[in-house]
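Colleague: Letter by letter, the chains look like this.
Number of protein chains: 2
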Amino acid sequence: METWDAIRARRNVRVYTGQPIEGPALDRILEAGRRSPSSQNTQPWDFVVVTDRAQLQDLSKVWQGARHVANSAATVALVAPMRSEESQRGWVRYDLGQATMSMMLAAVDQGIGSAHAAVGDQDRVRQLLGFPEGRFCASLIAFGYPADRPLRPIRNPNRRPFDEVVHRGRW
Amino acid sequence: METWDAIRARRNVRVYTGQPIEGPALDRILEAGRRSPSSQNTQPWDFVVVTDRAQLQDLSKVWQGARHVANSAATVALVAPMRSEESQRGWVRYDLGQATMSMMLAAVDQGIGSAHAAVGDQDRVRQLLGFPEGRFCASLIAFGYPADRPLRPIRNPNRRPFDEVVHRGRW
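In order, the protein sequence lines correspond to chains A and B. Sequential numbering of the first sequence, starting at 1, is according to my numbering. Sequential numbering of the second sequence, starting at 172, is according to my numbering.
Derived from the structure by calculation, the hints contain no laboratory data. Careful, some of the hints might be misleading.
Calculated lysine to any residue pairs in the SDA-like style (CA-CA distance at most 20 Å, straight line) [unchecked claim]: (1) A:Lys61 with B:Gln211; (2) B:Lys232 with A:Ser39; (3) B:Lys232 with B:Asp292; (4) A:Lys61 with A:Asn71; (5) A:Lys61 with A:Arg124; (6) A:Lys61 with B:Asp292; (7) A:Lys61 with B:Lys232; (8) A:Lys61 with A:Arg170; (9) A:Lys61 with A:Asp123; (10) B:Lys232 with B:Asn242; (11) A:Lys61 with A:Thr42; (12) B:Lys232 with A:Phe47; (13) B:Lys232 with B:Arg295; (14) B:Lys232 with A:Asn12; (15) A:Lys61 with A:Gly120; (16) A:Lys61 with A:Val165; (17) A:Lys61 with A:Asn12; (18) A:Lys61 with A:Asp27; (19) B:Lys232 with A:Gln40; (20) B:Lys232 with B:Gln293; (21) A:Lys61 with A:Asp121; (22) A:Lys61 with A:Phe47; (23) A:Lys61 with B:Arg326; (24) B:Lys232 with B:Pro321.
Based on the sequences and whatever the hints tell you, model everything.
Modeller: In structure tokens:
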């Protein structure tokens with residue numbers, strides 16, 4: 001898909017067909033995340049990819065807004081190091097956001113929808129995913145083929161108007 | 172450009188030809204940012220776009236790593252609200268990272284390179300851009316046509332190996 005179409009076609013998809021994501025398609029999504037830029041090229045991320053149905057169902061309970069994870073074809077958990085300085089914590093989050101967007105667009109490109117979820121219960125998610133102490137799970141990204149309609153460029157996205165968001169030269 | 176090519180072609184570009192970015196191309200970059208997803212669709216961003224050479228030169232001095240801003244064709248300053256809770260501050264950064272990636276890929280799609288910079292001197296950047304109290308400038312994204320070589324998919328990016336970053340099922 002053309003890049004500009006993929007950017008305009010991305011939307012939150014929380015209801016999925018039962019179709020699994022084949023290995024190469026899933027790996028391409030993960031590769032997009034791996035290639036993302038990060039502050040000082042620190043790459044402060046690990047991706048735990050879950051496709052087992054029972055594990056996805058358990059994972060969907062770590063936050064009230066994660067229910068769609070249960071029926072996703074695959075969910076990627078973004079795991080990152082805890083940092084002592086808030087400035088560093090901010091860059092970790094920024095970089096995770098960049099990796100998220102790369103993965104979501106690599107998904108759209110393949111007709112695959114996605115939706116984020118936050119994580120409430122860190123102890124439980126650590127137990128489910130087995131990541132080491134000193135790290136946390138910042139977010140979950142659920143992927144799957146949309147059950148409603150295919151991903152196509154959205155004409156009028158639900159966003160603040162362009163002229164409100166964009167300032168020329170000065171605010 | 173195909174999405175998968177754009178994702179693989181993105182790299183930091185800090186040396187630019189003198190060619191300006193035409194209005195429609197720049198607006199497409201900004202539109203990509205505006206369309207980005209955000210926590211609860213809060214859209215915690217304003218984009219101040221700078222193309223004036225003298226202003227770019229001033230802006231390039233707000234951090235030691237922002238020197239490339241001086242010669243960019245355009246630089247977008249990401250301005251965001253200050254939040255009292257750290258959890259909210261984290262999501263603001265995450266969302267700014269998503270908007271950043273969208274803009275950078277919309278740039279690649281048009282043959283335009285980019286490179287981030289952090290901001291050291293908040294007072295100075297506020298003075299230069301005129302944004303209100305209660306907000307801060309999280310980062311600058313410089314854009315311009317690459318002076319070295321065109322943007323093409325990178326075969327072996329300087330990143331941690333795929334099998335180190337990706338964990339299947341459990342860490």
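Colleague: Run every hint past the structure and note whether it holds.
Modeller: Against the structure, the hints:
1. A:Lys61 with B:Gln211: Holds, because 19 Å separates the two Cα atoms, which is no more than 20 Å.
2. B:Lys232 with A:Ser39: The given pair, whose Cα atoms are some 19 Å apart, holds under the 20 Å limit.
3. B:Lys232 with B:Asp292: holds, 9 Å
4. A:Lys61 with A:Asn71: With a Cα-Cα distance of about 12 Å, the restraint between A:Lys61 and A:Asn71 holds, given a limit of 20 Å.
5. A:Lys61 with A:Arg124: holds, 9 Å
6. A:Lys61 with B:Asp292: Answer violated: A:Lys61 to B:Asp292 is near 42 Å, above 20 Å.
7. A:Lys61 with B:Lys232: violated, 47 Å
8. A:Lys61 with A:Arg170: violated, 45 Å
9. A:Lys61 with A:Asp123: With a Cα-Cα distance of about 12 Å, the restraint between A:Lys61 and A:Asp123 holds, given a limit of 20 Å.
10. B:Lys232 with B:Asn242: The given pair, whose Cα atoms are some 12 Å apart, holds under the 20 Å limit.
11. A:Lys61 with A:Thr42: violated, 31 Å
12. B:Lys232 with A:Phe47: Violated: B:Lys232 and A:Phe47 sit about 36 Å apart, past 20 Å.
13. B:Lys232 with B:Arg295: Holds, at roughly 9 Å.
14. B:Lys232 with A:Asn12: Status violated; Cα separation ~39 Å.
15. A:Lys61 with A:Gly120: holds, 9 Å
16. A:Lys61 with A:Val165: violated, 35 Å
17. A:Lys61 with A:Asn12: Holds: A:Lys61 and A:Asn12 sit about 19 Å apart, inside 20 Å.
18. A:Lys61 with A:Asp27: violated, 25 Å
19. B:Lys232 with A:Gln40: holds, 19 Å
20. B:Lys232 with B:Gln293: holds, 11 Å
21. A:Lys61 with A:Asp121: holds, 9 Å
22. A:Lys61 with A:Phe47: It holds: about 19 Å lies between the C-alpha atoms, which stays within 20 Å.
23. A:Lys61 with B:Arg326: The given pair, whose Cα atoms are some 39 Å apart, is violated under the 20 Å limit.
24. B:Lys232 with B:Pro321: Violated, because 27 Å separates the two Cα atoms, which is more than 20 Å.
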